[in-house]
Amino acid sequence: MLSATVIYASLTGNNAEIATFITNYLIKQAVQTKMIDMLQADLDEITDRNILVVVPYTYGSGDLPPEGLAVYDDVHQTDLNQLTYGVVGSGDRLYGADFCRAVTIFDAALAHAGANRGADPLFVDLQPDIKDQAAISTFVDQIIQQTTMRAKQS
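In short: position in the sequence shown from 1, add 1169, done, that's my numbering.
Among the clues, some could well be false.
Each computed DSS-like pair below joins lysine-lysine, with the alpha-carbon atoms no more than 30 Å apart [stated by the list, open to error]:
| hint | residue 1 | residue 2 |
| --- | --- | --- |
| 1 | 1197 | 1300 |
| 2 | 1203 | 1321 |
| 3 | 1197 | 1321 |
Simulated from the structure, these hints should not be mistaken for lab results.
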């Protein structure tokens, strides 16, 4: 059985909404899923599952959320080659080049740690709407498919 951890940080509530949507979607797909606020996340909860979805917000001028720094540091110090991951987050396009930059930063860190990208990073402008939910569903389906393919190859 597949298992997933969804870790999120939310300043406006948009990422909490995205994380909840992803968690419910994974559960409907029969994936044992745990949703955790980044402040509460620890390395064991990341490494004891085969799927990791990170939902960070971007703080200030393109920085990681303060509550996500410990998770980011843990990722850099760990071999995560057993994980399939995806990173999605909401932001405001008014920030230009810094729009959803934390999504890109976490994606690069997870790839560097050897995790297998299950889907391309996904950027949501402000609050997720129906079109965003469809894109998020496709994003999650891709992660599940990649994880299933990897499990069959093992």
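Hint check against the structure, violated hint numbers in rising order = none
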